[in-house]
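Student: Please work from the sequences and hints to get the whole structure.
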Amino acid sequence: MTTVAEIRERASKSRRWGWWYVTELRLREMRGYISYVVTSSIGNPIVYLLALGVGLANLVPQGIEGVPYLVYVAPAMLMSTILSVGAEEGMYPVLSGFKWHKVFFAIHATPISPGQIVGGFLFHLMLRFTFTAGLFFAAIVAFGAVPNSTGWLVIPISILGAYAIMTPLAAYAARLEDDSGQFALIQRLIVMPMFLFSGTFFPISQIPDWLEWIAWVSPLWHASQLGRVASYGMSEPIWTTVTHLGVLIAFSVVGAILMHRAFVKRLTK
Amino acid sequence: MPPVIRAENLTKVYGDLTAVNGISFEVPRGESFGLLGPNGAGKSTAMKMIASVSARTSGVLEVLGLDPNTDGPAIRSQLGVVPQEDNLDQELRVAENLISYGRFFGMSRADATARATELLEFAQLTDRAKAKVEPLSGGMKRRLTIARSLMNDPQMLLLDEPTTGLDPQARHVLWDRLFRLKERGTTLILTTHYMDEAEQLCDRLIVVDQGAIMAEGSPAQLIREHSTREVLEVRYGSANNAVVAKQIADVGDRQEILPDRILIYSDNGERDLAEITKRGHHPTTSLVRRSSLEDVFLRLTGRTLVE
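Taken in sequence, the protein lines are chains A and B.
Just so you know, we're using our numbering here: the first sequence kicks off at 240 and counts up by one.
Just so you know, we're using our numbering here: the second sequence kicks off at -9 and counts up by one.
Hints are computed from structural coordinates only; laboratory data are not their basis.
Bear in mind the structure is a predicted one, so any value in this text is a computation, not a measurement.
Heads up, a few of these hints could be off.
Partial list, derived from the structure: chain B residues whose beta carbon lies under 10 Å from chain A [as the list claims (entries may be wrong)]:
1. Y91
2. L148
3. V163
4. W165
Each residue gets a CB set at the ideal place from its N, CA and C atoms; glycine is no exception.
Tutor: Given below as structure tokens:
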């Protein structure tokens, strides 16, 4: 007969390391589509850089804000790539875990708590974002598009930006009963406009004033501006820089709290 | 020895719906215990509370001497769970499904791998160890889910509708595996709406309907208490069953008139059949059989409908 103390003791390892076991599972699952991750992580920056850095840059020989066009656009392209990975990871993989493959329910039947599932999911994504951002960064360095030594900061900034977009989407996906076109709608009405109006390819001063608010609520714009500060020392008032950082942290933290709540609710119904 | 489950007035309410309405029961260690009832009776909800993933609305629940509300993870470390719908990881191969699951219980990779090899043997899936999950047959997926639930060598195994959707052969293979576990002394808790499954596997069961317990006992006990020894089934065609039933209403102890047949309950079905035939009511088909839990259930739910 097992005593109560023994039962608690047996669960203690999972209570401490559960989040890591979840990360481990996600990494193991990734082996199935690792070639997609690697190919897209290498292919994306190269295609972008050739098209924009070499192609479009010829149309803007004078550069933007005192730097060559490639230098201007490179950090924002990195952000846009990592944030779109974030948006992707916040939708289908979350709903699938509840709805189609129900893997989250399988995990929750073990000593692992909903909080650990969220933690492991987020930590795995940090590794995923770091990998893709690292390769992208290597590519823009190779193209000579990162003049400053603080340029590597674009990697942590992109991870924060990806969380800022991913966690609110995951909180939403975890509450969805089914996908009857919501994801496609989010993609078209929220994600796409955000990518177009977030000052990725040109400064937001170029878009009409009445559309500028999109940039202000867009994690991508804040991440891109921060990336430019780190990458080539774009000059802006310090309070603006702090605001960018604050907005990204706020999105991520509030998003993670909502995501945790949604997971608890769905798993313990 | 204290019971492995103790429920007292256990209740779960979802908004306006009372899914489980004050049920009380105890399950001793090593018993094979069933929750029998139609779809929507509250069986799965009760299972979720026992599995310590869903909090009760009121009442008392103790699993392995612990309260699921405060010791959920600790309880879950001792349980094996086979959910109604397979939730295997489609991204992983068969053996990996087991190994990664073992990790959730804090097993080392080496231990989990050794245990997985053992359990694949038990589940008759050794030759599929490296296969993808998706193309496996329904029966194989179920056996894999059962193997997965045994990774942590659980004190108690919870099975929610373990054979629903399987063909008869796959069901028998599965029952055989579950029977072996029962012989080894694993406590089995299962829900089912198949009466034959309950008869095969359960030492004791509760009949649940609309969230409440309607009867409790061993299959034999329930049949003895709520039905007769034998049942005579006669068919006269759907248009005539009700008409004939009126004319033979005095035959047997009790009758149930279903749309497709008449069931006559008594201790001697052959005698009743002879009596009916003597009166000139030749059925198109007839069958004398022993009473089953099916009859118990019919009797019990018939009562609730009348109430």
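Student: Look at each hint and say if it fits the structure.
Tutor: Results for each hint:
{"no.": "1", "hint": "Y91", "result": "holds (7 Å)"}
{"no.": "2", "hint": "L148", "result": "holds (9 Å)"}
{"no.": "3", "hint": "V163", "result": "violated (23 Å)"}
{"no.": "4", "hint": "W165", "result": "violated (23 Å)"}
Checked against the numbered hints above, the structure breaks hints 3, 4 and satisfies the rest.
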